[in-house]
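S.K.: Generate the whole structure from the sequences, applying the supplied hints.
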Amino acid sequence: MHTAAGVEACLPIRSDMDLVWVRQHVRQAAARLGFGLVDQTKLVTAASELARNTLVHGGGGQMAAQHVSSRGSQGLRLAFSDEGPGIADLELALSDGYTSGGGLGMGLSGARRLVHDFEIDSAPGSGTTVRVTCWVVRPPRPREGV
Amino acid sequence: MPEHEADGQLATPTHEVRDFLHRRREQIAQRWADEPLFRAVFTVSRDEAVEAGKVVVDALTQVADSEQVEDPDSAGFSAVREQLGRMGAARSRAGLSNTQVSSELAALRPPVENLLAADLQQAPPEHLRACSTVLTVLMGTLRLVAMQTALSEWQALSDRQRMQLLEVATPVIRLWDGIVAVPLIGTLDSARSQVVMETLLNAVVEEHARFAILDITGVPTVDSLVAQHLMKTVAAARLMGAECIVSGIRPAIAQTIVHLGLDLDVITRASLADALGYALHQLGADIVKPGAGQR
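Going down the list, the protein sequences come from chains S and D.
Okay, so the first sequence: first residue is 1 according to the numbering used here, each after it adds one.
Okay, so the second sequence: first residue is 1 according to the numbering used here, each after it adds one.
Each hint can be trusted.
What the simulated footprint calls covered on chain S by chain D, stretch by stretch (three residues with Cβ under 8 Å from a Cβ of chain D suffice, anywhere in the stretch; the number is not a length):
#1 15-27
#2 38-44
#3 48-61
#4 109-117
Cβ-Cβ distance ranges computed for the label pairs, FRET-style:
#5 S:96 x D:162: 33 to 41 Å
#6 D:177 x S:89: 51 to 59 Å
#7 S:92 x D:92: 50 to 58 Å
#8 S:117 x D:254: 21 to 29 Å
#9 S:89 x D:264: 25 to 33 Å
Just so you know, these hints were derived from the structure itself, not from any lab.
Please read all numbers here as calculations on a predicted model, not as lab measurements.
Idealized CB from N, CA, C, for every residue including glycine.
M.R.: Okay, here's the thing in structure tokens:
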């Protein structure tokens, strides 16, 4: 499909400037795959949270974007990986309001609510990988525009 | 190199190239003046291009003399660094990509190489080969110096633009007596949000503002960090006696904030007009349509 071009990418996350690239890439990729404005915004916000976690807690890493499809439905999968200290207590890290970095503590838990599929893979000392997927859900009667 | 020195007949390739550059200074500069790079940069007269070419040849001669043909930091290059940077910058201003500028610089090599080959016709083939290798390395280093200089100029330009962006993007507008507004545009990273907070707090003092409106219509993404920066700004303004209103929350942003689970503990309005209306009402100044009341 023509949509794959401009969607698949592997971006480094090393500085604040890289976060800007990540957000812009995710926004463009989501628009290309046909996500609506609300879903684009949700996905970009989730990507922004996760990329910042990769930078702040993981000490930098990368984001891989991938175009996925299942039973005729298009989706965008983003994988954020770092080789940082890892997360000791996943349940605690995923609870609202818990923070280890002076933030609001809503990043990881909030990002989980913004996407359809959320997978986290982490252990102390072996880095963290977060995979999120969003699907373009087509309503029965699409209404175009606002 | 050692075997040439051993037979005592031939100079080392580097010195051979140095002597060649010195001898053929005029011819090389003349040929360069016909190349696209020099023609495009020095449009006033051909003599000007030839003079500029001579300066570059002199620099190369000096570098060859110091036997540092591979070193872009060689002292010889310092004289032409600025000129090369200007030439590169002029070409990129004319719309050429880095690759195109680089290949125009590469085009300076063949004319010199041909001259060298003609000069060393009588020399043994391996000596000619050694000399042209030195020349190739030297011209490669020249290209590197030119690109380095151009890149550092672009870097300086982008740093300047970043600084400008910090200042330009945060104007404080006095909307009414006691009401100021800050339209926020772009990414609210830490540096920007610091500037926003400072300018807003200063404006609150200067304008004796009771209401400060933060308009986020131009902010593409509101994540938890941006929300935290906003809340800190609001809390600081509150301490100074001004109430903050966050306006310009688009539908997509509103839904995202809800999903994210953020609790914006602040008065919010959909548009700047609504925020202004609210602030005016709080100040006791309602806007009445003509004909609706007595006045």
